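Colleague: This is what each chain is made of:
4 protein chains.
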Amino acid sequence: MADVSVAPPWRISQWFNARQPLDLDALRGQVVVLHAFQMLCPGCVSHGVPQAERIHRLFDGDGVVVVGLHTVFEHHAAMTPVSLAAFLHEYRVTHPVGVDLHEGDDPIPVTMRSYGLEGTPSLVLIDRAGRLRLRHFGRLDDLTVGREVMRLASEEVRGASLCTEASCRLDD
Amino acid sequence: MADVSVAPPWRISQWFNARQPLDLDALRGQVVVLHAFQMLCPGCVSHGVPQAERIHRLFDGDGVVVVGLHTVFEHHAAMTPVSLAAFLHEYRVTHPVGVDLHEGDDPIPVTMRSYGLEGTPSLVLIDRAGRLRLRHFGRLDDLTVGREVMRLASEEVRGASLCTEASCRLDD
Amino acid sequence: MADVSVAPPWRISQWFNARQPLDLDALRGQVVVLHAFQMLCPGCVSHGVPQAERIHRLFDGDGVVVVGLHTVFEHHAAMTPVSLAAFLHEYRVTHPVGVDLHEGDDPIPVTMRSYGLEGTPSLVLIDRAGRLRLRHFGRLDDLTVGREVMRLASEEVRGASLCTEASCRLDD
Amino acid sequence: MADVSVAPPWRISQWFNARQPLDLDALRGQVVVLHAFQMLCPGCVSHGVPQAERIHRLFDGDGVVVVGLHTVFEHHAAMTPVSLAAFLHEYRVTHPVGVDLHEGDDPIPVTMRSYGLEGTPSLVLIDRAGRLRLRHFGRLDDLTVGREVMRLASEEVRGASLCTEASCRLDD
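Residue numbers (our numbering), protein chains in the order written: chain Y, 1 to 172; chain P, 1001 to 1172; chain D, 2001 to 2172; chain B, 3001 to 3172.
FYI, nobody ran anything at the bench for these hints, they're computed from the structure.
If you're wondering where the values come from, they're calculated on a predicted model, not measured in any experiment.
Hints are not guaranteed to be accurate.
Residues from chain D that face chain B, not an exhaustive set, calculated with beta carbons under 10 angstroms [to be verified]:
(1) Val2006
(2) Leu2022
(3) Gln2051
(4) Ile2055
(5) Phe2059
(6) His2136
(7) Leu2143
(8) Gly2146
(9) Val2149
(10) Ala2153
Here are a few chain P residues that sit away from chain Y, every Cβ distance over 10 angstroms (derived from the structure) [claimed, not checked]:
(11) Pro1021
(12) Arg1054
(13) Ala1077
(14) Ala1085
(15) Gly1130
(16) Gly1146
Partial list, computed: chain P residues near chain D (C-beta under 7 angstroms) [stated by the list, open to error]:
(17) Leu1040
(18) Gly1043
(19) Glu1090
Don't be surprised by glycine CBs; every beta carbon is placed ideally from N, CA and C.
Chain Y with its partners taken away, still in its complex shape:
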């Protein structure tokens, strides 16, 4: 939670559950919950994906946007967009999901690299000012997630600055 750098832009090859491509800049002013997963990662399937869907449904109306990021870094032939589409359908995922872009021969996709993610599942919280505030690899319990998302949702953006209870910080 000490990480307060600006969240890097997303590089997405295909979107699901979205009428148009989602852009991080356009989401400024809202809290963004980014959930990085792979459809054949057991911890993602049993915990991360359903948790992301719960956040999506619960925080609707609090200025919170949940975005799934399919960061395939292994078994590439097994987790194609065709397979992902069936997965999202069968698991009743309704929040938007973007397929992280692969470039050249790199097995690790671009956005996963730029966010420095260690693996899947990973949860990333981005505040209303577009700053990366939390980046967690592995399981995070619901009570903690509810607390951290609401912490950011309770902050106000005033002018070019981000205000917490204690202070306002310039958003340069």
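Given the coordinates of chain Y, assemble chains P, D and B onto it according to the supplied hints.
Modeller: For chains P, D and B alone, kept in the frame of chain Y given last:
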């Protein structure tokens, strides 16, 4: 969550896990999570009590105080303070727990009545200004609880008024 | 499962969910599942007691009898028969439960001693010939329990001997 | 459990976790647990597949063989053998799994049809004499599964007949 009346004082016959009696007035300025339970209520044992303990451990440092309230309204001879002491020991409960006072022949204890609780488990949230903000009978999931406790913990009290993001309200 | 001694008789001070006292000798010819528990033992409440009730409901008709044994060896004042009655009612326990007898100053009850139980929860399996065949302290998963109970239920008693698939053993 | 027809042979296009193709005839004399699943069926992933693996590990030594059957009847392009291989690897499945054969344009694979399976997950129990004894669509709890597998494992095959406790039946 529309309930914004002042939270009634507690009437407690005996405290556990507390060096001295806890008083709601003395907790003004902090968010209070009040968890009403009975030690032989299955939903309390499997869900409510461990959730209250998780809140106690997680929100320590956010100005949040968790208090258990043993509201015995049935099987009175089976849930005496002697049995409760063993229960709290065996279930490793570390947050303070008060035994709700019985008066006269009323099977329902005093604080349970004054809060209008329907049964156990019940979760009550009291804001920094001492106002009753949430009163829920039954199971409430962790994500929702994390969100609601943090919502109140993010509010500031300014002078005699309680400020939310949108406005400040006189605390008369 | 190497223990093939004759199961000791039970010493019970009070029965619940039983029209008349249960006697191990009278149950000869049936498989007996004995579940030792304490009503304030967390592992018993979350796992052992509901498992015993599931066995009771599932194996009804297979010649299997499930008996609970309340073996209080700590917090004696907190787990009296009055408290146990409320517990059995609230947790919807329908199988017969006997309160293990205390003698003299011994904090450990008589049947618990004679069976050499290490603590609660413990599961004891007694075959159709009255022999102690399994004695397990702690959690035992449902698949294993289903297997072991059915293993004994599949055995026949022929005359004074107990026959397994492989052989028949004299029941002296 | 009233179904006592002879279990049809399997038609498999590819095996995983098997040194050589498995053949139902060659397994005569053993109890066979056949688990039909699809790798993108949520109930299979959360319940059926791990349960099949548990049976495989627990009943090893009781003359019980567990076989997975990948019966893809929807999202065919999403659940190819390449994807299945990654799935079995990630979910640590060690029991043998056969891919049910597709013939012509039929979206439903051959073995699934010949066994009359309604969907996935399905559990099929075949006794030592090669007879179909249980066929269950949906979730079956561990206690029941442990009981039913052991029920069959306790039966003996004598000559050309199958003996239960009560009687021996000709295996014509």
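Colleague: State for each hint whether it applies.
Modeller: Against the structure, the hints come out as follows:
Residue-level restraint check for D:Val2006 is violated (minimum Cβ-Cβ distance to chain B is 23 angstroms; threshold 10 angstroms). For D:Leu2022, the interface hint is violated, the least distance from its beta-carbon to any beta-carbon of chain B being 23 angstroms, above 10 angstroms. Taken as an interface hint, D:Gln2051 checks out: its beta carbon lies about 8 angstroms from the nearest beta carbon of chain B, inside 10 angstroms. Annotation: interface hint on D:Ile2055 holds; nearest CB of chain B at approximately 7 angstroms, less than 10 angstroms.
Look at D:Phe2059: its Cβ gets to within about 7 angstroms of chain B, closer than 10 angstroms, so that hint holds up. Violation of the interface hint for D:His2136 is found here, the shortest Cβ-Cβ separation to chain B being roughly 15 angstroms, above the 10 angstroms cut-off. Taken as an interface hint, D:Leu2143 checks out: its beta carbon lies about 4 angstroms from the nearest beta carbon of chain B, inside 10 angstroms. For D:Gly2146, the shortest C-beta to C-beta distance to chain B is roughly 2 angstroms, which falls under 10 angstroms, so the interface hint holds.
Of the supplied interface hints, the one on D:Val2149 holds, with its beta-carbon coming within about 7 angstroms of a beta-carbon of chain B, less than 10 angstroms. With 10 angstroms as the threshold, the beta carbon of D:Ala2153 comes within range of chain B, its nearest partner Cβ sitting at about 8 angstroms, so the hint holds. Listed as outside the interface, P:Pro1021 is consistent with that label: its C-beta sits roughly 28 angstroms from the nearest C-beta of chain Y, beyond the 10 angstroms cut-off. Distance check on P:Arg1054: its Cβ comes as close as 6 angstroms (rounded) to a Cβ of chain Y, failing to clear the 10 angstroms threshold; non-interface status is violated.
Under the 10 angstroms C-beta cut-off, the non-interface status given to P:Ala1077 relative to chain Y holds; the minimum distance is some 35 angstroms. The beta carbon of P:Ala1085 sits about 27 angstroms from the closest Cβ of chain Y, which is more than 10 angstroms, so the claim that it is off the interface holds. With a minimum CB-CB distance of about 19 angstroms to chain Y, P:Gly1130 clears the 10 angstroms threshold, and the non-interface call stands. For P:Gly1146, the condition that its CB be more than 10 angstroms from all CB atoms of chain Y is violated, with the nearest at approximately 2 angstroms.
Hint status for P:Leu1040: holds, given a least beta-carbon distance of 5 angstroms to chain D, under 7 angstroms. Annotation: interface hint on P:Gly1043 violated; nearest CB of chain D at approximately 10 angstroms, more than 7 angstroms. The beta carbon of P:Glu1090 comes within 5 angstroms of a beta carbon in chain D, closer than 7 angstroms, and the hint placing it at the interface holds.
In terms of the numbered hints stated before, the structure departs from hints 1, 2, 6, 12, 16 and 18, listed from lowest to highest.
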